[in-house]
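Novice: What follows is the residue order along each chain.
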Amino acid sequence: MKTSFKVVIVGGGTAGISVAARLLRQSHSLQGEIAIIDPAQKHYYQPLWTLVGGGAANKWDSEREMRSVIPKGAVWLKEAVSSFDPNQNQVLTQDGTTYTYDFLVVAGGIEINWGAIKGLKEALGTKSVCSNYSFKHVDYTWETIRNFKEGTALFTHPNSPVKCGGAPQKIMHLAEDYFNNVNVRGNINVIFGSANPAIFDVLKYREALEKVIERKNIDARFRRNLIEIKADEKIAIFENLDTGILEEIKYDMIHVTPYMCSPEFIRTSALADECGWVDVDKFTLQHKKYSNVFGIGDNANLPTSKTGAAIRKQAPVVAQNLISLMRQQPMTQMYNGYSSCPIVTGYNKLILAEFDYNKEPVESMPFNQAVERSSMYFMKKDLLPVMYWDGMLKGTM
Amino acid sequence: MANATVSMSEELYQIIEMLEKPEVRHSLQRLLDKLPNLEQTIDSAENVVDFGKAVLTDEKTIDRYEQFVTTYNVGSETITAIVQLIEKLPKLVQIIHQLENIVDFGKAVLRDKQTTEYTMNNLKSYIDPYVEKGKTGLDFLKMVQQRAEEKPQHINVFSIVKWLKDPAVQKTLNYVQSALDILKEKN
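Quick note, the sequences are listed as chains Y and Z, same order.
Going by the numbering used here, the residue at position 115 of the first sequence is 115; the numbering climbs one at a time, nothing skipped.
One rule links them: number in the numbering used here = place in the second sequence (from 1) + 1000.
No lab work stands behind these hints, which were simulated from the structure alone.
Accuracy of the hints is not assured; some may be wrong.
To be verified - Derived lysine to aspartate or glutamate pairs resembling EDC-like cross-links, with alpha carbons at most 16 Å apart: (1) LYS59/Y - ASP382/Y; (2) LYS234/Y - GLU122/Y; (3) LYS72/Y - ASP1112/Z; (4) LYS1113/Z - ASP61/Y; (5) LYS1124/Z - ASP382/Y; (6) LYS1113/Z - GLU63/Y; (7) LYS1113/Z - GLU65/Y; (8) LYS72/Y - ASP1104/Z; (9) LYS204/Y - GLU363/Y; (10) LYS59/Y - GLU1117/Z.
Unchecked claim - If you want the ones that stay clear, here's a sample from chain Y, every Cβ over 12 Å from chain Z, calculated: (11) GLN94; (12) THR100; (13) ASP102; (14) ILE237.
Keep in mind that this is a model prediction, so the values were computed, not measured.
Glycine included, every Cβ here is placed at the ideal spot set by N, Cα and C.
My request is simple: use the sequences and hints to build the entire structure.
Specialist: Set out below in structure tokens:
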């Protein structure tokens, strides 16, 4: 069995597959020389889960066999990484195999910590406790919303980085829109409990979303961090992050965004910074200490939103800079922190937020993207999945 | 005569003196070694030169190639274009790269059954409401046709007066009246 590769990519998610596809397109000599290490049998297009939770998409459309997305020419190693030895250019797996590399790309994603909010793990998928962040339970979100007739609908955002920072409020907007469509909105109090200080980081979109919140009569409470759910009593306990005081909210349904962190095998490795993320240069994406190592996607310590759209701009930078290093040329590609969040504000309505490291809008469309548009909703629902499966994962977009 | 002999002896002496130097002797020895190869090389060069000369004097061949070249629109403009093309190559490569990506994306979409199915399902969900509306309209027309054929009725002035009282007719006539009013105002 081959255990030495020119390039080892840890993680077969969006970032890992995109980089592998791009490297193989750029240099055919890498065929058979790129290994992707990932034990998962399935690959998910997670942005669709918002729509699944809102009853606007089928969850099975978000799932594909991992083998179908592994680029031709890459070697898929169905193993889980246990540790790194960057000084020896080695990756160790849980099976006990040691793989050596010339170049390493760490694309291990982000880990969901279901146990961080007391009572969540046990209650998820029952007693009106739902979350779009679980493929297994995403259907339950729609079931809960569809059957909800009156009371308090509570939506939360945790005090940790999350994948797609807009997702916690997207499902709230869809639910609110659905309650309106079935004429039960008058009986329902919608509350958004978020650990963030505002509805969105980027001023332009924050102002637009504040108007949406006001129009929809949503009770938005910021700097509130969910720490416990008492599912039997239907009580959510929040910590006020400014005062430290605990506050209880009685709910009738709750959508929870769980805590997330860097995967354990990364945060305990020599590649991690003090917060556990892969410590890379924010422009070149090269590791700050190990020059033959790159970090990309959710597991990198980049000061921008962790989204698939961000990876779309990071992948060409990593691929090109890695090829430059291979050719002993200077690295020329720079990542500007681009990230995007298509914020669904209802069925057929969407604000397309695009921004960079400076939290300045970087808009692709020739119109004001802070306006809710049905064209952008159409793009998210019908075009982005196609661009993902057949463009991004093939290294062409 | 005697002077000439003296001069020759001096020259001979100088040559002998040079030949006595070890480095000269060594060079001569190497030259002699390479002489067969040199001869071959000179022969080859001579052949090339002779061939060139022959081609240049062969008017028929020159005419033929001139005619061949003139059938193409190759001139100073072409040379300038080649230079310009080389100059633009970096940009062209970028454009070609983008085109290649678009073509490959298109191919991937067409080959991807799951994507095709997903897109078709979504399209169907957009089209279905219109198809349904069309079907309802068609059903209405069929019912009208069927009723008219089954129950032929005698229509008189009173029937028409009765129609005028129908809200659906009143609504339509209201639109007609409004249109006439606006036309009157504009004129």
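Novice: Would you mind marking each hint as holding or not holding in the structure?
Specialist: Right, here's what the structure says about each hint:
| no. | hint | in the structure |
| --- | --- | --- |
| 1 | LYS59/Y - ASP382/Y | holds, 14 Å |
| 2 | LYS234/Y - GLU122/Y | holds, 13 Å |
| 3 | LYS72/Y - ASP1112/Z | holds, 15 Å |
| 4 | LYS1113/Z - ASP61/Y | holds, 12 Å |
| 5 | LYS1124/Z - ASP382/Y | holds, 12 Å |
| 6 | LYS1113/Z - GLU63/Y | holds, 14 Å |
| 7 | LYS1113/Z - GLU65/Y | holds, 13 Å |
| 8 | LYS72/Y - ASP1104/Z | holds, 14 Å |
| 9 | LYS204/Y - GLU363/Y | holds, 11 Å |
| 10 | LYS59/Y - GLU1117/Z | holds, 14 Å |
| 11 | GLN94 | holds, 31 Å |
| 12 | THR100 | holds, 32 Å |
| 13 | ASP102 | holds, 25 Å |
| 14 | ILE237 | holds, 41 Å |
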